[in-house]
Amino acid sequence: MAGRLVMRGIALAYLGVLLAVPVGMVMVKTFEPGPVAVWQAVTTPAALHAFWLTLLVTAVAVPLNAVFGVLAALVLVRGRSRLRPVLDVMVDLPFAVSPVVVGLAMILVYGRDGWLGGWLADAGIRIIFSVPGIVIATMFVCLPFVAREVVPVLREIGTEQEQAASTLGASGWQTFWRVTLPAIRWGLAYGVVLSTARAVGEFGAVSIVSGKISGQTETLTLLVEKRYTNFDMAGAYAASALLAVIALATLGLMALLQRRKDTA
Amino acid sequence: MTGLAVRPQARPLGRAARRRTPSLSVGVVTLWLSLMVALPLAAVGSRAFEDGWGAFWRSATAPQALSALWFTLGVSLAVTGVNAVFGLLVAWVLERDRFPGKRALNAVIDLPFALPTVVTGLTLLALYGDAIAYTKWAVVMALLFVTLPFCVRAVQPVLRELDREAEEAAASLGASGPVIFRRVILPHLVPALVSGCALAFARAVGEFGSVVLISGNIPFDTQVSAVYAFKQIESDNIRGASAVSVTLLAAALAVLFALRLFERLRDHRGEA
Amino acid sequence: MISVTGVSKRYGDFQALDEVSVHVTPGALTALLGPSGSGKSTLLRIIAGLEVPDAGTVTLAGEDVTHVSPRHRGVGFVFQHYAAFTHMTVRQNVAFGLTVRKEPREKAAATVDRLLDVVGLTGFQHRYPHQLSGGQRQRMALARALAVEPSVLLLDEPFGALDRNVRNELRAWLRRLHDEVHVTTILVTHDQEEAMELADSLVVLNHGRVEQVGGPRELYDAPASDFVMRFLGPVTETPRGLVRPHELVVSAVPEPDATEAQVARIVHLGFEVRAEMESGDGSRITAQLPRAEADALELEPGQIVYVRAPHAPRPAEPDTEEDLVRV
Chain A
0 MAGRLVMRGI ALAYLGVLLA VPVGMVMVKT FEPGPVAVWQ AVTTPAALHA
50 FWLTLLVTAV AVPLNAVFGV LAALVLVRGR SRLRPVLDVM VDLPFAVSPV
100 VVGLAMILVY GRDGWLGGWL ADAGIRIIFS VPGIVIATMF VCLPFVAREV
150 VPVLREIGTE QEQAASTLGA SGWQTFWRVT LPAIRWGLAY GVVLSTARAV
200 GEFGAVSIVS GKISGQTETL TLLVEKRYTN FDMAGAYAAS ALLAVIALAT
250 LGLMALLQRR KDTA
Chain B
0 MTGLAVRPQA RPLGRAARRR TPSLSVGVVT LWLSLMVALP LAAVGSRAFE
50 DGWGAFWRSA TAPQALSALW FTLGVSLAVT GVNAVFGLLV AWVLERDRFP
100 GKRALNAVID LPFALPTVVT GLTLLALYGD AIAYTKWAVV MALLFVTLPF
150 CVRAVQPVLR ELDREAEEAA ASLGASGPVI FRRVILPHLV PALVSGCALA
200 FARAVGEFGS VVLISGNIPF DTQVSAVYAF KQIESDNIRG ASAVSVTLLA
250 AALAVLFALR LFERLRDHRG EA
Chain C
0 MISVTGVSKR YGDFQALDEV SVHVTPGALT ALLGPSGSGK STLLRIIAGL
50 EVPDAGTVTL AGEDVTHVSP RHRGVGFVFQ HYAAFTHMTV RQNVAFGLTV
100 RKEPREKAAA TVDRLLDVVG LTGFQHRYPH QLSGGQRQRM ALARALAVEP
150 SVLLLDEPFG ALDRNVRNEL RAWLRRLHDE VHVTTILVTH DQEEAMELAD
200 SLVVLNHGRV EQVGGPRELY DAPASDFVMR FLGPVTETPR GLVRPHELVV
250 SAVPEPDATE AQVARIVHLG FEVRAEMESG DGSRITAQLP RAEADALELE
300 PGQIVYVRAP HAPRPAEPDT EEDLVRV
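If you read the sequences in order, they're chains A, B and C. Take 0 as the starting number for the first sequence in numbering that gives the first Met the number 0 and just add one per residue. Take 0 as the starting number for the second sequence in numbering that gives the first Met the number 0 and just add one per residue. Take 0 as the starting number for the third sequence in numbering that gives the first Met the number 0 and just add one per residue.
The shape of chain A in the complex, shown without the other chains (with noise of 0.2 Å):
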């Protein structure tokens, strides 16, 4: 069995180095200039407003993503049309494009000389360099989460119990909200999950469509960046520690609901 043993130490070494010993860095650098330090950069105005800026755009991104991905799981699994392939290709890209790639889309399209920037600007609304386009930026990096944790969880469920609320005398509408919705909650509540762990976390994307305007546009990815960039090492990092608490909760509610979806 010394093998095995072998195994489990590089393992354990790597997983080591990679992961634990990073994140407990952080905390203890976090935590060098005294508790009193950490609590007054992560109150300054401009981290509250960053704070209270991530969570309006994830209560808007997040649960319009949801809807979205349960529709789209619905299409890919039960639907019949002959444009599925290319549906179920699209909902895949956005884990393959680059954040800077997607923020440099959003300009193209939202921004002054943008494909639906003039039309936009003549409506007097603005996107680019504004929260919507963080909100939209933010749409796009999570979109695939929901409809990826729900594909399966459909497929598996099969059609049985909805045909059988049929027979019973539920409409569409009944069958959706009584039988399909409680059986993929777990799964949606996964991918809501992570989709909520992208959508505070998100950097590159943001980054460029934000305009990093304090107190107006700035998230806290952003704070973290400009804190460091500004050489205020400990507000970057009691930011980021703000940061992976928010993560180490995530991963709380990501390793129960697994539980949940196994046993279910």
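It cannot be assumed that every hint is accurate.
Cut-off 20 Å, straight-line C-alpha distance, at most; resulting in silico cross-link-like pairs (SDA-like, lysine to any residue) [claimed, not checked]:
#, chain 1, residue 1, chain 2, residue 2
1, B, Lys230, A, Ala19
2, A, Lys260, B, Glu94
3, B, Lys101, A, Ala12
4, B, Lys101, A, Asn229
5, A, Lys225, B, Ser234
6, B, Lys230, A, Asn229
7, B, Lys230, A, Phe128
8, B, Lys101, A, Met6
9, C, Lys101, A, Trp172
10, A, Lys260, C, His129
11, A, Lys260, B, Ala106
12, B, Lys101, A, Ala1
13, A, Lys260, B, Glu160
14, B, Lys101, A, Arg7
15, A, Lys211, B, Gly26
16, B, Lys101, A, Val5
17, A, Lys260, B, Asn105
18, A, Lys211, B, Asp235
19, C, Lys101, A, Trp176
20, B, Lys101, A, Gln257
21, B, Lys135, A, Leu17
22, A, Lys225, B, Ala132
23, B, Lys101, A, Gly23
24, A, Lys225, B, Asn216
25, B, Lys101, A, Tyr13
26, B, Lys230, A, Thr228
27, A, Lys260, B, Phe112
28, B, Lys101, A, Gly251
29, B, Lys101, A, Ala254
30, B, Lys101, A, Leu17
31, B, Lys101, A, Asp261
32, B, Lys101, A, Ala19
33, A, Lys225, B, Gly215
34, B, Lys230, A, Gly210
35, B, Lys101, A, Leu255
36, A, Lys260, C, Thr85
37, A, Lys211, A, Thr42
38, A, Lys260, B, Arg159
By construction, these hints were calculated from the structure, which means they are not laboratory data. The structure displayed is predicted, hence computed values, not measured ones.
Got chain A; can you put chains B and C on it based on the hints?
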């Protein structure tokens, strides 16, 4: 038993409700995906080729862009290779080994998915600071971190569902541990491993947040394509950024399409 | 009265149903019997409205329902794999049809109580489906289908996923239930024994066509085709046609009309003995006889015996379509 009142005649059937076709939802999904995904990416493609193929080619193959691209592809490939080996090892230990704290460890694997990339960058900087910051090794470390879960999570479920009896049969036929692994287990894991690697590669090629701080962004050295494109946007060279973006997109898409093709071929062979 | 007239259904290259017409007597238990791929489940699903036929009509109580959605047909459907609502308790499952119809709560509760009692699940009403055995789940599914007082109860291989013992028990229970509630019932099965035991009337399907319709006895005694005869019980081929193995008379001395055969193998089945024999022209004949008779003949491999059928066997027919095509 109770007298169950079952009406022998049929219930009133109401008006003939024809089965609705789900064309509405297909329409909504198609429209949404077109607006959200296809339109923006088409805008990038269109901008890249707006001034003709020659202009695109010049932007895409500018010395600095080309150097960033080769570095990006090379480092992504290397990282994918490391992931294949260590992903397999970690998945194996998590599924087949038993030790205290395994469940917590299993949950921690997803940390790179949950942690914002910019925090990842800062974290690695805090830890390795002077040692590797602003070197190619820093980029390798950052990419290893963000791509860690792909292979592990792809292999784990397959390993869990694997038929242990086949291994026991092989052992009863006199096969040694390594032989069983190579001849009996590995063939089942390869498809999942390939798909995990493809996803990891696609992610590595486009990675920005974790790399931008720690790489130092030194042209012809540690600059990756995503950061190069970002710099072009900042200096208002939108065409240059678009051209590089198209190459990045092409690389990621090529990998994902290859993956689909591989999966289809495998399914095909499985049916035969 | 359920009438299916000229119904056809095709899936790609596969003709699942080919102009099938079936008329079901109200109040009776009818079995759709056939091998897999014969179209029996498709026919049931078309009656329920879960599939729409390519051609033909379905009428329930005189009303054309061919294009009516299942929810407006007033049928109860029981699936082979139960189709239990996994996130609802037994009680919620049974109440589902009443809930979506917005029946008054007290009336619905009373109906559910009664049905839980009928299917013997009163003590399990707060459990979830995964906490039940297969047989219990299927009884729950039956109660759920009955709760909406369907005009027709449709059962798609309802016992197919159960162990043999549970299957036999549920079969007897279903027959008793049917005798009490008299709801028109159509049962799909590939098991001829199940069909014979349960049904008042059988519809035998093969390759998407109706082979024969009739009572269990009628079908067994007067099969309309080789297929029906083979499907309803064991057969053996004699030089003069098909017979049931237990109808053959085996004797140790030559008799008129008897075929000479050599015993190849003796199989003891408990109460009966199966004798596998080979006739002079090399064809195999199987006879099944009571043990006492076999003992009296002192049957053993190698022995020469004489076999005859007391009734006229069913003459061999050019039964396969391939033969017809070749001619």
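Task: Straight-line alpha-carbon gap Lys260(A) to His129(C), limit 20 Å - done: 15 Å, holds
Open item on the list: Given the hinted pair Lys225(A) and Ala132(B), is their Cα-Cα distance within 20 Å?
Closed with: Satisfied, since the Cα-Cα distance of roughly 18 Å is no more than 20 Å.
- [ ] Take a quick look at whether Lys101(B) and Leu17(A) sit within 20 Å of each other, Cα to Cα.
- [x] 17 Å, holds
Open item on the list: Next pair to validate is Lys211(A) with Thr42(A); report whether the Cα-Cα distance is within 20 Å.
Closed with: Holds: Lys211(A) and Thr42(A) sit about 19 Å apart, inside 20 Å.
TODO: For the pair supplied as a hint, Lys101(B) and Met6(A), confirm whether the alpha-carbon distance does not exceed 20 Å.
DONE: 14 Å, holds
Task: Pair hint outcome, Lys101(B) versus Asp261(A) [Cα-Cα no greater than 20 Å] - done: 17 Å, holds
Task: 20 Å Cα cutoff - pair Lys230(B), Thr228(A) - done: Holds, at about 15 Å.
- [ ] Compare the distance between the alpha carbons of Lys101(C) and Trp176(A) with 20 Å, and conclude whether the hinted pair is satisfied.
- [x] 15 Å, holds
Open item on the list: Next pair to validate is Lys101(B) with Gly251(A); report whether the Cα-Cα distance is within 20 Å.
Closed with: Given pair Lys101(B), Gly251(A) holds - Cα atoms ~14 Å apart, limit 20 Å.
TODO: For the pair supplied as a hint, Lys101(C) and Trp172(A), confirm whether the alpha-carbon distance does not exceed 20 Å.
DONE: Within the cut-off at roughly 14 Å; holds.
Task: 20 Å Cα cutoff - pair Lys260(A), Thr85(C) - done: The given pair, whose Cα atoms are some 13 Å apart, holds under the 20 Å limit.
Open item on the list: Run the distance test for Lys101(B) versus Ala19(A): straight-line Cα separation, threshold 20 Å.
Closed with: 14 Å, holds
Violation of the numbered hints given earlier is confined to hints 1, 4 and 15; the remaining hints are satisfied by the structure.
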